[in-house]
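> Listed below, chain by chain, are the residues.
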Amino acid sequence: MKRSNKRIIPGFGLSMGVTVTLLSVIVLIPLASLVIFTAQLSFSDIIAVITRDRVLASFKVSFLTAFVASLINAVMGVILAWVLVRYDFPFKRILDGMIELPFALPTAVAGIALTSLTADKGIIGSFFARFGIKIAYTRAGITVALVFIGIPFVVRAVQPVLEKLDGSLEEAASTLGASRSRTFRQVIFPEIMPAVFTGFGLAFGRCLGEYGSVVFIAGNQPFETEITPLIIMSELQEYDYASATAIALVMLAASFLILFLVNLIQVRNSKILRGGGKGA
Amino acid sequence: MRKESKLVKWLLIGISFLFIFVMLVLPLVTVITEALKQGFAVYAEAISDKYTVKALLLTLEAAVTATVINTIFGLFAAWLLTKFHFRGKKLLGSLIDLPVTVSPIIAGLIFVLTFGRQSAIYPLLEKLDIKIVFAVPGIILATVFVTFPFISRELIPVLEAEGTDEEEAAALMGAGGFTIFRKITFPHIKWAFLYGVVLCAARAMGEFGAVSVLSGHLRGKTNTLPLHVEILFNEFKYVPAFAVSSILVMTAIVILVIRSVVEYIGKRESENVH
Numbered sequence: 092m093k094r095s096n097k098r099i100i101p102g103f104g105l106s107m108g109v110t111v112t113l114l115s116v117i118v119l120i121p122l123a124s125l126v127i128f129t130a131q132l133s134f135s136d137i138i139a140v141i142t143r144d145r146v147l148a149s150f151k152v153s154f155l156t157a158f159v160a161s162l163i164n165a166v167m168g169v170i171l172a173w174v175l176v177r178y179d180f181p182f183k184r185i186l187d188g189m190i191e192l193p194f195a196l197p198t199a200v201a202g203i204a205l206t207s208l209t210a211d212k213g214i215i216g217s218f219f220a221r222f223g224i225k226i227a228y229t230r231a232g233i234t235v236a237l238v239f240i241g242i243p244f245v246v247r248a249v250q251p252v253l254e255k256l257d258g259s260l261e262e263a264a265s266t267l268g269a270s271r272s273r274t275f276r277q278v279i280f281p282e283i284m285p286a287v288f289t290g291f292g293l294a295f296g297r298c299l300g301e302y303g304s305v306v307f308i309a310g311n312q313p314f315e316t317e318i319t320p321l322i323i324m325s326e327l328q329e330y331d332y333a334s335a336t337a338i339a340l341v342m343l344a345a346s347f348l349i350l351f352l353v354n355l356i357q358v359r360n361s362k363i364l365r366g367g368g369k370g371a
Numbered sequence: 030m031r032k033e034s035k036l037v038k039w040l041l042i043g044i045s046f047l048f049i050f051v052m053l054v055l056p057l058v059t060v061i062t063e064a065l066k067q068g069f070a071v072y073a074e075a076i077s078d079k080y081t082v083k084a085l086l087l088t089l090e091a092a093v094t095a096t097v098i099n100t101i102f103g104l105f106a107a108w109l110l111t112k113f114h115f116r117g118k119k120l121l122g123s124l125i126d127l128p129v130t131v132s133p134i135i136a137g138l139i140f141v142l143t144f145g146r147q148s149a150i151y152p153l154l155e156k157l158d159i160k161i162v163f164a165v166p167g168i169i170l171a172t173v174f175v176t177f178p179f180i181s182r183e184l185i186p187v188l189e190a191e192g193t194d195e196e197e198a199a200a201l202m203g204a205g206g207f208t209i210f211r212k213i214t215f216p217h218i219k220w221a222f223l224y225g226v227v228l229c230a231a232r233a234m235g236e237f238g239a240v241s242v243l244s245g246h247l248r249g250k251t252n253t254l255p256l257h258v259e260i261l262f263n264e265f266k267y268v269p270a271f272a273v274s275s276i277l278v279m280t281a282i283v284i285l286v287i288r289s290v291v292e293y294i295g296k297r298e299s300e301n302v303h
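Line by line, the protein sequences give chains E and W. Numbering of the first sequence is given in this note's numbering, commencing with residue 92 and proceeding in unit increments. Numbering of the second sequence is given in this note's numbering, commencing with residue 30 and proceeding in unit increments.
Chain E with its partners taken away, still in its complex shape:
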């Protein structure tokens, strides 16, 4: 079947050629050089680099802030998706369009704008300063920047699932006398859960690697507010490519693990979206 079914549409060879050539030159060969360079490092050297106190502290800062920010986004993302799918209200289209802003706004611009807002003299910063809370140049500041970066991920993951969600289950639940909050907890929530996890995972992965919006607001104090991408950056500036690569490997491993988990969930998720049909 596979062989006999001759390709009718022209352009297979040319498309394959252009695609594979550009992919190799831009993506695969540079990535391969990372593998080649890693192979020249000794395992004990890699371990020595990534267990340095300062590096370990940066892992803690990066993972902690990315986790908290993605948690906040998981909650806010569900609320936003719910509001956008279920309710009608003025300026709904503008609200929906604004969600995309973190994808569109250059990260450096987001970084300096959030810094000046949350610094002691900024609008938000001066408000919190009255209660003795500092945002800019603390871990809270990093979290704020990461919340900004992660907003679209959960909303855009949950929205399509909510749109496809069958109203009949909810109707049945309410006919049977379930309260609205119970219906949400026991009927709607289990249905959107995989999408929430997907959004959370994508946001978490993106936040781990985020650099531009964080460097300005973080203050970059070693052990306190120094994120891992910044450590990689400073190793590179000192031409210590071995250390930079070793730390980058940990980050890559983490983000591939997250992607793998997200893919697992997405396979299940697409089954729900297709109404129980076999996932592709």
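Derived by calculation from the structure, the hints in this document are not laboratory data. Hints are not guaranteed to be accurate.
As the list claims (entries may be wrong) - With beta-carbon atoms standing in for the labels, derived distance ranges:
1) Leu201/W to Phe158/E: 36 to 44 Å
2) Ala344/E to Gly203/W: 51 to 59 Å
3) Val176/E to Glu191/W: 25 to 33 Å
4) Tyr330/E to Asp194/W: 52 to 60 Å
5) Leu86/W to Phe275/E: 31 to 39 Å
To be verified - Keeping only pairs whose Cα atoms sit at most 16 Å apart, straight-line, the calculated EDC-like set for lysine to aspartate or glutamate is:
6) Lys118/W to Glu90/W
7) Lys160/W to Glu189/W
8) Lys296/W to Glu254/E
9) Lys38/W to Asp211/E
10) Lys250/W to Asp126/W
11) Lys183/E to Glu197/W
12) Lys296/W to Asp187/E
13) Lys296/W to Asp194/W
14) Lys219/W to Glu298/W
15) Lys219/W to Glu155/W
16) Lys250/W to Glu74/W
17) Lys212/W to Glu197/W
18) Lys212/W to Glu195/W
19) Lys225/E to Asp211/E
20) Lys35/W to Asp187/E
What the hints assert, rightly or not - Selected chain W positions facing chain E (Cβ under 7 Å, derived; list incomplete):
21) Pro56
22) Tyr72
23) Glu74
24) Ser77
25) Ser289
Nothing here was measured: the structure is a model prediction, and the numbers come from that model. Built from N, CA and C at the ideal position, the CB exists for glycine as well.
Let chain E serve as the given structure and place chain W on it in line with the hints.
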């Protein structure tokens, strides 16, 4: 069935607006107000500064190159992945998406490792007097890398939904590949294509992390607009930093507007079909 109280409804809408206002609208407004803090003359001066103009030109050069390369790639890759069946298709699809899953700093790192002084081809590059790392070619390569899948990603879902029937019919009637693409495929994807191109160009202009690794930050030479913003901000020149940022904010607003328009047209066209 929608029985939750009006109170809950408006409470949730209120929370949403407050969150979006504080997290997204305020930062945008801040850029504009800070840029114009000392009046329009100071703003105009910051925008027309010699180094700002040079940074803008380099940014445009990188963005145009990235958009051209990624447009060519996006069209061929989308055609390949949606019109044909072949082994390794899924793998190819995930490889194309790799650049958006990699941290921008790591994206910069891999080009440093490929072309930097510890690389096997560095002696050759030196002999030929080609500078890539800490030079313009490095900046352009990094920009192409980080925006690599943007156009193909917009096209693939549209082409997938379209199927291959029309193209097959045209091919059987003897139409050539380019004619099929121009007359049958392109009209379906033109809005997604437009959005992809705009997204790619604008994101290329705003890339910071990867470009920062490869730039070396030489003012007037290897400084793009986002890097120029960084330098100004770190020198406490806040008004110029925000003035330069306002140029980049405009690119973001263009993306958002075009996205809404494309979505609106897409919805209207799919309603017309039904």
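> Each hint should be assessed against the structure and marked as holding or not.
Verification of the supplied hints:
{"no.": "1", "hint": "Leu201/W to Phe158/E: 36 to 44 Å", "result": "violated, 55 Å"}
{"no.": "2", "hint": "Ala344/E to Gly203/W: 51 to 59 Å", "result": "holds, 52 Å"}
{"no.": "3", "hint": "Val176/E to Glu191/W: 25 to 33 Å", "result": "holds, 26 Å"}
{"no.": "4", "hint": "Tyr330/E to Asp194/W: 52 to 60 Å", "result": "holds, 57 Å"}
{"no.": "5", "hint": "Leu86/W to Phe275/E: 31 to 39 Å", "result": "violated, 54 Å"}
{"no.": "6", "hint": "Lys118/W to Glu90/W", "result": "violated, 33 Å"}
{"no.": "7", "hint": "Lys160/W to Glu189/W", "result": "violated, 42 Å"}
{"no.": "8", "hint": "Lys296/W to Glu254/E", "result": "holds, 15 Å"}
{"no.": "9", "hint": "Lys38/W to Asp211/E", "result": "violated, 35 Å"}
{"no.": "10", "hint": "Lys250/W to Asp126/W", "result": "violated, 31 Å"}
{"no.": "11", "hint": "Lys183/E to Glu197/W", "result": "violated, 41 Å"}
{"no.": "12", "hint": "Lys296/W to Asp187/E", "result": "holds, 15 Å"}
{"no.": "13", "hint": "Lys296/W to Asp194/W", "result": "violated, 22 Å"}
{"no.": "14", "hint": "Lys219/W to Glu298/W", "result": "holds, 12 Å"}
{"no.": "15", "hint": "Lys219/W to Glu155/W", "result": "violated, 44 Å"}
{"no.": "16", "hint": "Lys250/W to Glu74/W", "result": "violated, 20 Å"}
{"no.": "17", "hint": "Lys212/W to Glu197/W", "result": "holds, 13 Å"}
{"no.": "18", "hint": "Lys212/W to Glu195/W", "result": "holds, 11 Å"}
{"no.": "19", "hint": "Lys225/E to Asp211/E", "result": "holds, 7 Å"}
{"no.": "20", "hint": "Lys35/W to Asp187/E", "result": "violated, 21 Å"}
{"no.": "21", "hint": "Pro56", "result": "holds, 4 Å"}
{"no.": "22", "hint": "Tyr72", "result": "violated, 16 Å"}
{"no.": "23", "hint": "Glu74", "result": "violated, 19 Å"}
{"no.": "24", "hint": "Ser77", "result": "violated, 19 Å"}
{"no.": "25", "hint": "Ser289", "result": "holds, 5 Å"}
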